[in-house]
Amino acid sequence: MSWPVRWLADIYAQQFKTTFASFVQYRAALVIWLIGHVLEPLIYLVVWSTVSRSSGGSVGGFTAADFAAYFIVLMIVNHVTYTWIMYEYEYRVRQGTLSAELLRPVHPIHSDIADNVTSKLITLPGMLVIAALLGLIFRPAFHAVPWAMATFVPTILLAFIVRFLTEWTLALAAFWTTRVSAMNQVYFMAMLFFSGQLAPLELLPQPVRVIAFILPFRWTVGFPTELLLGRLTPAQALTGIGMQAAWLAASLVLMRVVWRAGLKVYSAVGA
Amino acid sequence: MRYLRLMLVFFRVGILSELSYRANFITHLVESVMELGTALAGLAIVFSHTTTLGGWRPDEIVALVGVYFLVSGAIRMVIQPSMERLIEAVHEGTLDFTLTKPEDAQLLVSIQRIEIWNVTDVVLGFGVLGVALVRLGTTVGAWEAAAFAASLLAGGVIVYSFWLMLATLSFWFVRVENMLEIFSSMYEAGRWPVSFYPRWLRFMLTFLIPVAFATTVPAQALAGRITWKTLAAAYGLAVALVVISRAFWRVGVRRYSSASS
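Which chain is which? The protein sequence lines are A and B, in order. Going by the numbering used here, the first sequence opens with residue 6, and the numbers climb by one from there. Going by the numbering used here, the second sequence opens with residue 151, and the numbers climb by one from there.
Keep in mind that the hints were calculated from the coordinates and are not lab data. For glycine and all other residues, C-beta sits at the position ideal for the given N, C-alpha and C. A couple of the hints might just be wrong.
[To be verified] Beta-carbon label-pair distances, calculated as ranges:
1) Gly-277/B with Gln-190/A: 17 to 23 Å
2) His-115/A with Val-284/B: 52 to 58 Å
3) Tyr-92/A with Leu-179/B: 19 to 25 Å
4) Gly-243/B with Val-215/A: 55 to 61 Å
5) Glu-234/B with Ala-255/A: 25 to 31 Å
6) Gly-187/B with Val-29/A: 38 to 44 Å
7) Asp-15/A with Glu-338/B: 40 to 46 Å
8) His-115/A with Gly-386/B: 55 to 61 Å
[What the hints assert, rightly or not] Covered stretches of chain B (in silico footprint by chain A; criterion: 3 or more residues with CB under 8 Å from a CB of chain A, positions within the stretch not fixed):
9) 170–181
10) 187–200
11) 330–336
[Stated by the list, open to error] Sample of chain B residues lacking proximity to chain A, with all beta carbon distances greater than 10 Å (derived):
12) Val-273
13) Phe-276
14) Leu-316
15) Trp-378
Isolated chain B, as found in the complex:
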């Protein structure tokens, strides 16, 4: 409960500080709409040549695009800015200010910076998802909706833990930003079902750069094609990554030797 209140406070501060740059909102909105338009127009061209794609119906792929925008918007809004600031703080020694606060430091660094304008991607993602759902119609029942929410949650946790682990590497190495860049660019691949990719790439996108659980799996759940095994695997990986990233963070902080050294 206290954590929830803390998060709300951080969100409010983040929103307030960004509100002074209101023109950014229009820029972000225009860019998001264009990106979405590009994705949908590309889909229209692909589906002018075929009715199903590797077993996926058009509206199911549209739903996947919605999930992709939703998740990437959330990453760009909270996770990426916060983790970039964490890396900066480790390099400059300003992490001291966070560590001395009487709250869990991992939580504090994870929500320390919010770029609220990226919410446009989240909203557009929900919009696309909604349209796809209406068009898919009756095939989405209570079980599909529950499985979708559950797998989206697991996917979000996996992506967050992964980013935290990458950012925590900055306690040992100097140039960690590059690895974050690589993740962001590989994330593009999540716009299409990972089952399309050859096996080696699918493996990379599932375990090395866990994109699959955040995009393909929730969309699969929506289409009613998720098995208990996949859902269990998603939660297994999520729990494992939470534990590992937490341990990683602890060891890293112990290594952290503050600004003066």
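So that you can see chain A by itself, here it is in the shape it has in the complex:
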């Protein structure tokens, strides 16, 4: 594992330029993508605020202002950790464009990481403006907890890496089947319920919370969100970082195993 660092840095720099150029070309696609990322948390924000108003001001300790804060932060966290690699891989394998990438002397995951990070750098300012606007409209209640805000930074980085690795590994399913859309849907369904996207996990039934503790989804979306909002104790934060580290190790191993196995299948089909 002794990559020449300069060499790798050059590769990343080049990928930044390429991605940036293609984003400038496809501005409209970017807007559509952003609408999707804003609309879903916005819908659940509105629904849960309505729930809290319908039941006398608060639900499970959440007022309308708490829900607003939760879903606005969740929107940003989800946007930062999001990947679209599953759609990308299906296309690559089906069209055979992966062959060209395999010829490069560097693991293809590097260009995917650079691509993802670049597009986030471009879209994040827009998302922050939208978050600020939503803040003006929905009057969220933020309680600043300094230690939690400081811990948020490494936590969201870990969340990004874990989500990237698990989704990249899942995307490799395209090596084995041409119908990945149903599988992706199962994944996004699990994501919705177990990550905290549908509702803060405290509001979900006990069995769901237990499963959510084991699966990676919560640690990549809901956990950084709750941490930034100061809803966690230091012990809970440590547990969460521990779970993130465990999933990081697991997904690294899984990724390598699946990638090797997938390559064998791919060459067999391509020949």
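Fit chain B to the supplied structure of chain A, relying on the hints for placement.
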């Protein structure tokens, strides 16, 4: 009468051409069932914390989910594929073949492509609607049923005219597909009563992207909470959009300069 026969012919051709991809049916069914299951499980979680939501009872929201599936299934089955092909035809100049046929071209382009497997959403939507109706029981009388059918029809006409107008823009602009995408993603918001949303968003979902009349209003009718004023507004908007989209289409076709230019 002739138009009806024409539509039936197109439906048959569409079904026949899709029947060669039968495995797609299973995929579509699995995906539709999962989507519906997700929606209902989400509702179950919401209603484990409250008994009414902004004045809506659980079964009324379930009925709304049914309407949502019904309408979005119909869009994905007929309107979206046909309009996408229209945009393609304008870009590639193949619209000539349609324009030279001795029938109304607007009708022909509107039903030219049918992705029959999306019928799974329509069927599931009807199923959910039926279950919700049974559970709502006696509150749904003849007046509610009639108002429901009438507002669903108006909503369908509004959505169709809106899509036609968007697709017709391709006579002037190149990248219209993106706007269709935006409509599809905003349509998600129709799964919940638009009265939940803040005023600016409600306005957008009623007039800019007319989702409200296709989903919330029919569900409201079913719950017996529709007023004559709302129904009249729905029909006013439907008639206006039909006239405008027809005019839009005519001007667009006149601009269309065929493949060679």
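Verification of the supplied hints:
1. Gly-277/B with Gln-190/A: 17 to 23 Å: holds, 20 Å
2. His-115/A with Val-284/B: 52 to 58 Å: holds, 57 Å
3. Tyr-92/A with Leu-179/B: 19 to 25 Å: Holds: the Cβ-Cβ distance is about 22 Å, inside 19 to 25 Å.
4. Gly-243/B with Val-215/A: 55 to 61 Å: At roughly 60 Å between Cβ atoms, Val-215/A and Gly-243/B fall inside 55 to 61 Å, so the hint holds.
5. Glu-234/B with Ala-255/A: 25 to 31 Å: violated, 42 Å
6. Gly-187/B with Val-29/A: 38 to 44 Å: Between Gly-187/B and Val-29/A, where Cβ atoms are some 40 Å apart, the hint holds.
7. Asp-15/A with Glu-338/B: 40 to 46 Å: Check passed, 42 Å falls within 40 to 46 Å.
8. His-115/A with Gly-386/B: 55 to 61 Å: holds, 58 Å
9. 170–181: holds (count 3)
10. 187–200: holds (count 9)
11. 330–336: holds (count 4)
12. Val-273: Val-273/B is indeed farther than 10 Å from all Cβ atoms of chain A, at 18 Å.
13. Phe-276: Answer for Phe-276/B: holds, closest chain A Cβ roughly 22 Å.
14. Leu-316: holds, 14 Å
15. Trp-378: Nearest chain A Cβ is 27 Å from Trp-378/B, so the label holds.
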